[in-house]
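A.B. asks: Residue strings, one per chain:
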Amino acid sequence: MATKWDEKVKKVKEDIYQVAKEGCMNVPVKIFASEKLLEKIKTDDSIQQGVNMACMPGIQKQSIMMSDAHQGYGFPVGGVAAFDLENGCISPGGIGFDINCGVRLLTTNLTKKEVEGKIKELINTLFDNVPSGVGSEATIRLSDEDYEEVLNHGLDWCLKEGYATKEDIDHCEENGHMKTADASKISPRAKKRGRGQLGTLGAGNHFLEIQFVEEIFNDEVAKSFGLEKDNVVVLIHTGSRGLGHQTCSDYLKKIEDEYSEIVDKLPEKDLAYAPMNSQLGKDYLGAMSAAANYGWCNRQLITHFTRKSFENVFGENIKLNLVYDVAHNIAKLEEYEIDGKKKEVLVHRKGATRSFGPGHKEIPGVYRGIGQPIFIPGSMGTSSWVLVGTDKAMNETFSSAPHGAGRMMSRHEANKRFTTEGTIRDLEKHKIYVKAASTRGITEEAPGAYKDVDEVIEIADTVGIGKKVARLKPMGVVKG
Amino acid sequence: MKYKYLEHTADAKFQAFGSGIDEVFTNSALAMFNILGKTSEVKIKKTYKIKLKARNYERLLLDFLEELLFLLDTEDFFLHEVIKIKISKKFELEAVVVGDDYKNYDLKSDIKAVTYSDMKIEKTKKGYAATVVVDI
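Going down the list, the protein sequences come from chains A and B.
Throughout the first sequence, residue numbering follows my numbering, covering 1 to 480 in sequence.
Throughout the second sequence, residue numbering follows my numbering, covering 1 to 136 in sequence.
Excised from the complex, chain A in its bound form (with noise of 0.2 Å):
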């Protein structure tokens, strides 16, 4: 199908595509993508947002979309922007809305063999133990002084109450704690929003799943990330829930109001930027920080509850240690070469992983030597990934690799397309057991509304932004 990006998007080398710098663009866009993956990405309005963050003020060296890109609000999903401290700015639609979404992945001492006549029993009992579904209610009830820890410190509070260990917080990106946050600068409403959902999975694409590793492609760094093959993983995807949502949607507004000469210009309102250096821009990166400790304290309950249930099924020897956390709807502060100088800017990743490459000091000790892990979750039953970062990242992608397989089916055509009774059948012919709070949004994240998120990794793999590690099959699902 012919699109108005045919003539503009111009190959640069293999699975690297680029739309020239013309107009309003400070910078290039630069596509990572396969000539397959990009004919879908153009169909929809993805590249004229990648083109938008490409005009915003103060943008480095090129705008970035990666291969498992499609339209978002502001920054397309999968949009990878670096902004200079001075003159640049912060976006909260260049965020999103579930601020800190991420995934973290988790090793059990157990193997497929072991844990398959008893996946129906495990998924139950998770299901049971992790609340789960819309507005899914925690089992946690915290202090007014619980949750300002929450939101200052992060997995401090969980390790001090019992929730995490050392080891845990030493593998997790920012220690799971982002020095930047101050959650003075939540507003009650979100406050109140998030109050009784921490510990809890949501609905909407976030979920739980038992794997196993199928397929090894690196042995030493597998080895190093305490990856065997046919051993049983657990991954969990879910974000910031209300509290995050509702800091996006108020920020979003206040820029709105103080700004509004500049947000009333903008190709779409969800672009909205507050200057870096201004009073508002500093603001928000408080309460986007204050939010991710949330997400990353979410998860972390989460890995509490799962621990538990892991006891009760298979008892007291079970051990579950955590690979690494990964966020990958964030902004942080990162120090890139640029122009043959070393700079601090504020990267802003939308549904785009962190890939820091060997030696960064912000990685792991354990890991350091070889590059962060990665994890690439695929839809709801599909395989999964798990890559290292590379060096090659640094000097591409402002250190950043793809999130997932993205969507490429809405989900009105999903309803229309697939059955529930359907979806589940193929799940278990599969050999996946699936339990989700509502049986009516199955349909809706069925394996065929996604893109081939096996295609999306292969790209990573031959650019070099994220190197193949091993390939993790689902078992079970727990689904919101």
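No lab work stands behind these hints: they were computed from the structure.
Careful, some of the hints might be misleading.
[Unchecked claim] Chain A stretches covered by chain B per the calculated footprint, using a threshold of three residues with CB under 8 Å from any CB of chain B: (1) 64-78; (2) 238-250; (3) 401-411; (4) 435-442.
Note that the structure is predicted; figures quoted are calculated from it, not measured.
Built from N, CA and C at the ideal position, the CB exists for glycine as well.
Based on the hints, put chain B in the right spot on chain A.
C.D. replies: For chain B alone, kept in the frame of chain A given last:
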């Protein structure tokens, strides 16, 4: 027709209609909740009053729908109907909404936020039409 759903790859998009602005707001609320469940099946057990003011109709609609999501998350409220709504030319809104605890029904998804993306309120031959995208 009160509303219709439009194609959107990742999320949900709808267009709501009405002879006046009030009706467009009411039908937008119904369209949003019917993404999650069936408003017609929801009993009347809870009542909330909503009072808002904004700088234009688009922002007022965004605030109104967000207020309903806030009630969903904090009061477990699922909409059956907007029984009263009054919107002034100064963009002030007063509404009364009725519904029930969502836990009594099978809801299929979560709405994270109401977005500004593609949002518009237009004058049509028969009245008004609003276009809204919500993030799921």
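A.B. asks: Each hint should be assessed against the structure and marked as holding or not.
C.D. replies: Against the structure, the hints:
no.: 1; hint: 64-78; verdict: holds (count 6)
no.: 2; hint: 238-250; verdict: holds (count 5)
no.: 3; hint: 401-411; verdict: holds (count 5)
no.: 4; hint: 435-442; verdict: holds (count 4)
Of the numbered hints stated above, none is contradicted by the structure.
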